[in-house]
Amino acid sequence: MPDLVVRQMLRARNGLAYLTGLNRPAVAQTPRDLIWQRDKARLWRYRSGQRRYGPPALIVHSLVSKSYVLDLLPNTSMVRYLVGEGFDVFLLDWISPDPADAENTFETYVDDYIPAAIGALLGDAGAKEMTLIGYCFGGILTLLVAAGHPELPIRNMMVMATPCDYREMGFMSNMFAEGRLDANDVIDQTGLVPARALDEGFQTLKPADLVVQRVNFFENLWNDEFVEGFLAISQWARDQVPFPGAAFRQTVSLLIRQNALLAGVIPLGRREARLKDIRCPFLNAFAEQDGITPAASSEPLTRLVGSEDASELRLRSGHIGFVAGRQAAKVARPQIADWIRRHSDEG
Amino acid sequence: MTSLWRQAFDAIERPLAAAAESWVQSKTFMDLAAVTIRVQRRLTADGQRVTEQWLHAWGMPARGDLFTLMNQVASLERQMRDLERELQLRNSRPPVSHLGPPAPLPPAEA
Numbered sequence: 000m001p002d003l004v005v006r007q008m009l010r011a012r013n014g015l016a017y018l019t020g021l022n023r024p025a026v027a028q029t030p031r032d033l034i035w036q037r038d039k040a041r042l043w044r045y046r047s048g049q050r051r052y053g054p055p056a057l058i059v060h061s062l063v064s065k066s067y068v069l070d071l072l073p074n075t076s077m078v079r080y081l082v083g084e085g086f087d088v089f090l091l092d093w094i095s096p097d098p099a100d101a102e103n104t105f106e107t108y109v110d111d112y113i114p115a116a117i118g119a120l121l122g123d124a125g126a127k128e129m130t131l132i133g134y135c136f137g138g139i140l141t142l143l144v145a146a147g148h149p150e151l152p153i154r155n156m157m158v159m160a161t162p163c164d165y166r167e168m169g170f171m172s173n174m175f176a177e178g179r180l181d182a183n184d185v186i187d188q189t190g191l192v193p194a195r196a197l198d199e200g201f202q203t204l205k206p207a208d209l210v211v212q213r214v215n216f217f218e219n220l221w222n223d224e225f226v227e228g229f230l231a232i233s234q235w236a237r238d239q240v241p242f243p244g245a246a247f248r249q250t251v252s253l254l255i256r257q258n259a260l261l262a263g264v265i266p267l268g269r270r271e272a273r274l275k276d277i278r279c280p281f282l283n284a285f286a287e288q289d290g291i292t293p294a295a296s297s298e299p300l301t302r303l304v305g306s307e308d309a310s311e312l313r314l315r316s317g318h319i320g321f322v323a324g325r326q327a328a329k330v331a332r333p334q335i336a337d338w339i340r341r342h343s344d345e346g
Numbered sequence: 000m001t002s003l004w005r006q007a008f009d010a011i012e013r014p015l016a017a018a019a020e021s022w023v024q025s026k027t028f029m030d031l032a033a034v035t036i037r038v039q040r041r042l043t044a045d046g047q048r049v050t051e052q053w054l055h056a057w058g059m060p061a062r063g064d065l066f067t068l069m070n071q072v073a074s075l076e077r078q079m080r081d082l083e084r085e086l087q088l089r090n091s092r093p094p095v096s097h098l099g100p101p102a103p104l105p106p107a108e109a
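Which chain is which? The protein sequence lines are U and F, in order. Those letters in the first sequence? Residues 0 to 346, per numbering that gives the first Met the number 0, in order. Those letters in the second sequence? Residues 0 to 109, per numbering that gives the first Met the number 0, in order.
Hints are computed from structural coordinates only; laboratory data are not their basis. Glycine is no exception: its CB is placed at the ideal position from the N, C-alpha and C atoms. A portion of the hints provided could be inaccurate.
[As the list claims (entries may be wrong)] Chain U residues, not near chain F, derived (Cβ > 10 Å throughout):
id : residue
1  : 52
2  : 218
3  : 221
[To be verified] Some chain U residues near chain F, calculated using beta-carbon distances under 7 Å:
id : residue
4  : 98
5  : 99
6  : 170
7  : 174
8  : 180
9  : 183
10 : 188
11 : 189
12 : 203
13 : 206
14 : 209
15 : 213
16 : 294
Make a model of the complete structure from these sequences and hints.
Structure follows, in structure tokens:
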């Protein structure tokens with residue numbers, strides 16, 4: 000009985016704090032320095048006094064969400080964990096695009112921003128090669144970079160929750176694949192796909208989730224740790240960013256309608272990027288309960304790259320839980336760190 | 000231990016959620032959603048056109064004018080970016096030494 004009373008009091012306190020917005024968690028707390036920037040691209044290096052492994056690791060973030068999911072809270076931060084494990088971690092982040100970015104294509108990222116950021120990283124870290132990591136749509140960009148730029152010194156490569164077979168991507172992909180909608184149907188007058196459209200699309204994938212999440216929140220409202228994590232994750236999940244219209248047209252035409260990633264050959268400018276040209280050690284990490292990038296969509300990547308050392312890491316979590324949840328802390332992060340460590344040098 | 004109210008909620012929610020998820024993946028739902036998006040877009044555009052005409056009749060700026068301005072500024076910013084890239088590329092190119100020294104200037108007229 001006393002437990003029940005205490006819980007009700009905690010529930011009331013946290014509920015009031017939630018309603019007044021007082022318990023909004025502080026995200027992206029890991030100290031970092033801005034190394035390089037071009038237009039909306041930002042390269043960050045995380046501070047560390049214990050860098051034990053090389054080469055440095057560059058995480059390329061997705062174009063459809065904000066990067067603080069990788070550094071959500073101190074106890075669930077993917078980036079903080081990797082830094083703590085002795086890796087030299089860089090993050091290539093994209094500030095929310097505005098109309099000036101509406102004409103950004105895949106080539107803008109693959110032939111311009113990412114190679115330039117890699118150059119800046121190598122200069123800053125004094126390294127000759129690096130480990131390239133892509134999360135979600137950032138994984139697609141890293142695949143195109145690795146396949147389209149064999150001259151870049153990529154020693155190892157890892158993609159996390161990265162789509163490949165767009166037939167398996169469900170509702171959002173099917174809306175465009177079968178011609179129900181064209182890219183221009185969702186691009187606004189500024190040339191961007193509005194953040195609201197993406198948010199509504201993700202919400203539609205699991206219509207009951209919003210209610211279930213509210214119920215879970217109420218049930219655990221007494222639990223400070225749960226409330227903090229819940230608020231951080233739900234803040235991120237609704238914090239979508241617009242998508243450049245030109246890149247979205249390419250997504251619809253190349254990735255969704257032609258399913259070019261599954262074919263292994265992606266037209267890029269006047270050339271073709273072939274996944275078979277990726278020959279460095281490769282890890283394809285994906286989540287079995289991922290509702291945004293289903294495992295069936297990510298799976299084929301492992302056999303499509305040309306690496307002799309290509310493996311997959313199948314995790315029992317969802318898209319966000321992959322990098323920020325309890326499952327990530329227990330299983331995903333240690334296994335990811337272990338793979339990078341095994342493909343790095345100490346000292 | 001799971002509370003009774005939660006067990007009751009789960010018992011109702013799980014089959015409903017599963018049904019809702021398969022409904023949104025159905026062709027009927029996707030066709031309906033596509034039509035809704037297209038009609039909504041059409042109606043919004045028509046509404047904006049009428050409002051714009053009315054505002055213009057009174058010599059006032061409309062939302063469309065704002066977008067036109069925004070796109071013009073964006074286009075200027077893109078041109079600036081291209082120029083910046085071109086400049087960086089020129090600065091990073093090695094000097095053209097194989098062409099030999101520049102030709103001497105003609106003697107200045109007295």
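Results of checking the hints against the structure:
| no. | hint | verdict |
| --- | --- | --- |
| 1 | 52 | 32 Å, holds |
| 2 | 218 | 6 Å, violated |
| 3 | 221 | 12 Å, holds |
| 4 | 98 | 4 Å, holds |
| 5 | 99 | 4 Å, holds |
| 6 | 170 | 5 Å, holds |
| 7 | 174 | 6 Å, holds |
| 8 | 180 | 5 Å, holds |
| 9 | 183 | 10 Å, violated |
| 10 | 188 | 4 Å, holds |
| 11 | 189 | 6 Å, holds |
| 12 | 203 | 6 Å, holds |
| 13 | 206 | 4 Å, holds |
| 14 | 209 | 11 Å, violated |
| 15 | 213 | 11 Å, violated |
| 16 | 294 | 16 Å, violated |
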